[in-house]
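**Q** Starting from two chains that each stand alone, build the complex the way the hints lay out.
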Amino acid sequence: MANGEEKIVLQYQVPGDDFTRAGEASADLKARLKRLGFPAAAVRKAAISLYEGEINLAIHAGGGEIRVEVTPERIEMWLDDEGPGIPDIALAMSEGYSTAPDEVRSLGFGAGMGLPNMKKYTDSFEITSEVGRGTHIRMAVEIGRS
Amino acid sequence: MTVEELSKACGFIPAFPLPDPEREVTCGFCGDLLSWAMGRAKEGSAWCTVMGSVNAVAVASLADAAVLVLCHEAALMGDAAARAQQQGINILRTDLPEFEAAAAVAKQLGI
Chain U
248 MANGEEKIVL QYQVPGDDFT RAGEASADLK ARLKRLGFPA AAVRKAAISL YEGEINLAIH
308 AGGGEIRVEV TPERIEMWLD DEGPGIPDIA LAMSEGYSTA PDEVRSLGFG AGMGLPNMKK
368 YTDSFEITSE VGRGTHIRMA VEIGRS
Chain G
612 MTVEELSKAC GFIPAFPLPD PEREVTCGFC GDLLSWAMGR AKEGSAWCTV MGSVNAVAVA
672 SLADAAVLVL CHEAALMGDA AARAQQQGIN ILRTDLPEFE AAAAVAKQLG I
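The listed protein sequences derive, respectively, from chains U and G. To convert, note that position 73 of the first sequence is 320 in this note's numbering; the numbers rise steadily by one, no gaps. To convert, note that position 100 of the second sequence is 711 in this note's numbering; the numbers rise steadily by one, no gaps.
Just chain G, same shape as in the assembly (with noise of 0.2 Å):
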């Protein structure tokens, strides 16, 4: 499922016009910690999140995750925005906890 699919599916909203909207996401990871985001989610990961920084769009780009998923309404802080962008970053808002993101996502993958 791309990542486009997946926003549609999960009625997430795009944060800016997705960078990689044919990027594949293939499993998922939720956690805030960055370096335990970064030791531990997957290539390809939607990772649930309300990290909303210039240091959470490293990490994701470090970690080869295919979006980043900011819940609970979390705010981009800022030059995350324009980061991510850069960096080709997909990001998608949701005002779900983490908990029912990761949830909805899970569904989408048949996880």
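Here chain U stands alone, though its shape is the one from the complex (with noise of 0.2 Å):
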């Protein structure tokens, strides 16, 4: 990289329910990235759906732990809450289904593409959840693949 490491780790907490706030980690991780010299799409690629995870923590998790490791060839992301966890995963990642509620839809969230949207713009993504105890996943861009 740029400075010469081999890897930058950052970490962030999301708060529960704040939408103004949610949004910060992909903001901090575009800036640090471009500056850094990585390809516009990769970082694209990483701060969307970095962004996709921060609004869900938010949403639907009561908030959570972020922690993203970059290296030269990789830009990985885990993404791991206490939240009330998903019963059903893969109806949860089909596009256009969404259990938020109404007041977050009246803010323009809800679509149901933010799980979709996570899978579509990484190179790997995986996901567990387990009902009242959380979710946990990890992605990650490739940088050579961008």
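Because the hints were derived from the structure by calculation, they are not lab data. Treat each hint with caution, since some may be false.
Using 25 Å as the maximum straight-line C-alpha spacing, the simulated DMTMM-like pairs for lysine to aspartate or glutamate come out as follows [said to hold, decoys possible]:
#1 U:Lys-367 <-> G:Glu-684
#2 G:Lys-619 <-> G:Asp-706
#3 G:Lys-653 <-> U:Glu-253
#4 U:Lys-367 <-> U:Glu-389
#5 U:Lys-366 <-> G:Glu-654
#6 U:Lys-281 <-> U:Glu-350
#7 U:Lys-254 <-> U:Asp-275
#8 G:Lys-653 <-> U:Asp-370
#9 G:Lys-718 <-> G:Glu-684
#10 U:Lys-367 <-> G:Asp-631
#11 G:Lys-653 <-> U:Asp-264
From a predicted model like this one, the values you see are computed outputs, not experimental measurements.
**A** Okay, here's the thing in structure tokens:
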């Protein structure tokens, strides 16, 4: 990377139900990646995916934690929460399916595109969830494929 | 065509002094659902919407839209103007409905 380091680790806390703050992690990541000279397409993919994740944490999970590892080869992101979990992941992954409440929809969210966008804009995407325990996501953007 | 040129040609009014007036507009997008816009609006878009929230500003930034065109005289809400200026996001306002604003943009871009 431009600064000669092999890996940069970033950690963010996402508060629950605060939609004005959701987006701070992705904005910070985008700015850092641009400064490091990563390709614009890779930066866009990582920022969009992480923003969707932040919004999901705020809407559905009461907040959560994000960890990002940046190497010259990939941008790898982990999103962990202790929210209510997802009963049917396949259904949640389908475009247009949403359980967002009406007040959230009135803000322009809740189109049922969050998880599908996260998968669409990353090169690898894994999700595990347990009802009553929380949800864990790992996703990565490979620099060579952007 | 730059954002400043588009603004003048279409009669759109800058919500505040444009932070990036020379940004090139290459295409357009219409829609109010944020994830839909983020997943589909292309880089360099003039995004026509009625969403004037800080979240819309965030989406415009993350999707690399050239300008957010706030239609129907929709209001900029809360800290949206401050956030947009801070992040260098151009915002234009118009009383036109989204369809007509998009048609004006398309005409100028020759789409």
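**Q** Each of the hints needs a verdict: does it hold here or not?
**A** Status of the hints after comparison with the structure:
1. For the hint pairing Lys-367 (chain U) with Glu-684 (chain G), the CA-to-CA distance comes to about 34 Å; that exceeds 25 Å, so the pair is violated.
2. For the suggested pair Lys-619 (chain G) and Asp-706 (chain G), the alpha carbons sit about 15 Å apart, so the restraint of at most 25 Å is met.
3. Using a Cα cut-off of 25 Å, the hinted pair Lys-653 (chain G) and Glu-253 (chain U) is violated, with the two alpha carbons roughly 32 Å apart.
4. For the given pair, Lys-367 (chain U) sits about 13 Å from Glu-389 (chain U) by alpha-carbon distance, which is consistent with the 25 Å threshold.
5. For the proposed pair Lys-366 (chain U) and Glu-654 (chain G), the alpha carbon gap of about 19 Å is at most 25 Å, so the pair holds.
6. Restraint check for Lys-281 (chain U) and Glu-350 (chain U): not satisfied, since their Cα atoms lie roughly 34 Å apart, outside the 25 Å limit.
7. Restraint check: the Cα-Cα separation between Lys-254 (chain U) and Asp-275 (chain U) comes to about 17 Å, which is no more than 25 Å; the hinted pair holds.
8. For the hint pairing Lys-653 (chain G) with Asp-370 (chain U), the CA-to-CA distance comes to about 19 Å; that is within 25 Å, so the pair holds.
9. As the CA atoms of Lys-718 (chain G) and Glu-684 (chain G) are separated by approximately 21 Å, the hinted pair is consistent with the 25 Å bound.
10. With a C-alpha separation of about 29 Å, the suggested pair Lys-367 (chain U) and Asp-631 (chain G) falls outside the 25 Å cut-off, and the hint is violated.
11. About 29 Å separates the Cα atoms of Lys-653 (chain G) and Asp-264 (chain U), which puts this hinted pair outside 25 Å; it is violated.
The structure shown violates the earlier hints numbered 1, 3, 6, 10 and 11.
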